[in-house]
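Spelled out from the first residue to the last, the chains are:
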Amino acid sequence: GAVVSQHPSRVICKSGTSVKIECRSLDFQATTMFWYRQFPKQSLMLMATSNEGSKATYEQGVEKDKFLINHASLTLSTLTVTSAHPEDSSFYICSAREQQETQYFGPGTRLLVL
Amino acid sequence: QKEVEQNSGPLSVPEGAIASLNCTYSDRGSQSFFWYRQYSGKSPELIMFIYSNGDKEDGRFTAQLNKASQYVSLLIRDSQPSDSATYLCAVKGNTGFQKLVFGTGTRLLVSP
Chain A
21 GAVVSQHPSR
31 VICKSGTSVK
41 IECRSLDFQA
51 TTMFWYRQFP
61 KQSLMLMATS
71 NEGSKATYEQ
81 GVEKDKFLIN
91 HASLTLSTLT
101 VTSAHPEDSS
111 FYICSAREQQ
121 ETQYFGPGTR
131 LLVL
Chain B
14 QKEVEQNSGP
24 LSVPEGAIAS
34 LNCTYSDRGS
44 QSFFWYRQYS
54 GKSPELIMFI
64 YSNGDKEDGR
74 FTAQLNKASQ
84 YVSLLIRDSQ
94 PSDSATYLCA
104 VKGNTGFQKL
114 VFGTGTRLLV
124 SP
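Which chain is which? The protein sequence lines are A and B, in order. Add 20 to the 1-based position in the first sequence for my numbering, that's all there is to it. Add 13 to the 1-based position in the second sequence for my numbering, that's all there is to it.
Excised from the complex, chain B in its bound form (with noise of 0.2 Å):
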């Protein structure tokens, strides 16, 4: 089992759908969850971070959390075409150097 999952997608939206992208983690002891996203052909940018159970919002953007089921997702609201690229969810490791740990990605693809 990979200590991060997210289905690869890719995950096609219509402009101005609300995107939803889900991501679970094995390591139930994590207490850190980010979203970075990543353009093609450039490195990943941090869009939100989330450390309690429940919702938060960030503009056009809100991370959910759910530590029993171990469970983070980010949804995006009136979804651009500008949003289609690549979303890495990362979770901070607990031991060492507190690594993050990153899912494959999921590609959201918006459509005008």
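Pulled out of the complex, with its shape left as it was, chain A reads as follows (with noise of 0.2 Å):
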């Protein structure tokens, strides 16, 4: 199967700051990445879809200028949490996807705002 990196795979930031997540496709093109958040013993939620060279589409609820999202290449993606709160807390996974193919996931980062 493809392979999906992501960077870094933990982080522990000060409530007020701003982490960035690194999502790649390393095998293949990424047409459309996904980006999910996953708090503990809950199902995947998808956060916002992006398109290479397009602005991110995000699902209901998902505060867009919280979380900043580019796709700035067919196999980059990065995901902006900006002024972390404890609530942000939680496990971000991204996936990719080429054309309309299966869709792969990256192994996540756990991120922990104290």
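It should be emphasised that the hints constitute simulated quantities derived from the structure, not laboratory data. Hints may contain errors.
As the list claims (entries may be wrong) - When the alpha-carbon atoms are kept at most 30 Å apart in a straight line, the in silico DSSO-like pairs for lysine-lysine are as follows:
#	chain 1	residue 1	chain 2	residue 2
1	A	K75	B	K55
2	A	K84	A	K61
3	A	K40	A	K61
4	A	K34	B	K55
5	A	K61	B	K55
6	A	K34	A	K75
7	A	K84	B	K112
8	B	K80	B	K69
9	B	K112	B	K80
10	A	K61	A	K34
11	A	K86	B	K55
12	B	K55	A	K84
13	A	K75	A	K86
14	A	K86	A	K61
15	B	K55	B	K112
16	B	K55	A	K40
17	A	K61	B	K112
18	A	K34	A	K84
19	A	K75	A	K40
20	B	K112	A	K86
21	A	K40	B	K112
22	A	K75	B	K112
23	B	K55	B	K69
24	A	K34	A	K86
These two chains come separately, so use the hints to put the complex back together.
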């Protein structure tokens, strides 16, 4: 299967700071990338969908000014959590897809905001 | 009604048995169906996908699709303790970005 990487795998930050998470497709061109969030013992929650070179489409209830998504190339998308607060602590997972093919997930980034 | 429904479980089976995981979906126009496995604290990994009615086998895994009944299942033969995880059913939508719609997952416990 295709490989998707995420960096960092774990991050701890102070409240009020911003955190950037990178998602890369290593062996294919990801025309579409997705960002999910998952709280403990809960389902995956889709936050936003992004196509390369276009603005991200956010799901209802997700603040686009707080969660900045940039899909600058066919292999890289970034999620920036701005002015992070403890309630933003979660497991953030990206996934990537080439054209209409299968969606593959990155290993996830665990964010802890103190 | 949820778009993709799964029994949350846990489904407990003894080692060596067949585990049967079920999923129903509401969008009759859905064409693509996926099973992901998620270990605790990890991200989902793709197990299988199926597009056509009938069975699709891959090793110990068999996916079954019945579009008329809007039902998809995953059978795991010779279950192993290492199969213990949450299994997510996902259905690809037909509109917009064709996003995957996930069920809440079924937790499988395989006891030695």
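Outcome of the hint check:
1. Restraint check: the Cα-Cα separation between K75/A and K55/B comes to about 28 Å, which is no more than 30 Å; the hinted pair holds.
2. For the proposed pair K84/A and K61/A, the alpha carbon gap of about 25 Å is at most 30 Å, so the pair holds.
3. For the suggested pair K40/A and K61/A, the alpha carbons sit about 24 Å apart, so the restraint of at most 30 Å is met.
4. With a C-alpha separation of about 24 Å, the suggested pairing of K34/A with K55/B holds against the 30 Å cut-off.
5. Distance restraint check for K61/A and K55/B: the Cα-Cα separation of roughly 12 Å lies within the 30 Å cut-off, and the hinted pair is therefore satisfied.
6. For the given pair, K34/A sits about 28 Å from K75/A by alpha-carbon distance, which is consistent with the 30 Å threshold.
7. For the proposed pair K84/A and K112/B, the alpha carbon gap of about 18 Å is at most 30 Å, so the pair holds.
8. Restraint check for K80/B and K69/B: satisfied, since their Cα atoms lie roughly 14 Å apart, inside the 30 Å limit.
9. A hinted pair counts as satisfied when its Cα atoms are at most 30 Å apart, and K112/B with K80/B qualifies at roughly 19 Å.
10. A hinted pair counts as satisfied when its Cα atoms are at most 30 Å apart, and K61/A with K34/A qualifies at roughly 24 Å.
11. Pair hint K86/A plus K55/B holds up; C-alpha atoms about 25 Å apart against a cutoff of 30 Å.
12. Between K55/B and K84/A the alpha-carbon distance is near 26 Å, which keeps this suggested pair within the 30 Å criterion.
13. With a C-alpha separation of about 15 Å, the suggested pair K75/A and K86/A falls inside the 30 Å cut-off, and the hint holds.
14. For the proposed pair K86/A and K61/A, the alpha carbon gap of about 24 Å is at most 30 Å, so the pair holds.
15. Annotation: proposed proximity of K55/B to K112/B holds, straight-line Cα distance about 21 Å (limit 30 Å).
16. Our distance criterion of 30 Å between C-alpha atoms is met by K55/B and K40/A, whose separation comes to about 20 Å.
17. Taken as a hint, the K61/A and K112/B pair is honoured in the structure, with Cα atoms around 22 Å apart against an allowance of 30 Å.
18. Of the pairs offered as hints, the one joining K34/A and K84/A holds, with about 21 Å between alpha carbons and a cut-off of 30 Å not exceeded.
19. The straight-line distance between the Cα atoms of K75/A and K40/A is roughly 17 Å, inside the 30 Å bound, and the hint therefore holds.
20. Distance hint between K112/B and K86/A is fulfilled; the C-alpha atoms sit about 22 Å from each other, no more than 30 Å.
21. Taken as a hint, the K40/A and K112/B pair is honoured in the structure, with Cα atoms around 24 Å apart against an allowance of 30 Å.
22. Between the alpha carbons of K75/A and K112/B the distance comes to roughly 16 Å, so the proposed pair stays at or under 30 Å and holds.
23. Distance check on the hinted pair: K55/B and K69/B sit about 26 Å apart at the alpha-carbon level, within 30 Å; holds.
24. Only pairs whose Cα atoms come within 30 Å are accepted, and K34/A paired with K86/A is accepted, the gap being roughly 16 Å.
The structure is consistent with each of the numbered hints, conforming to all of them.
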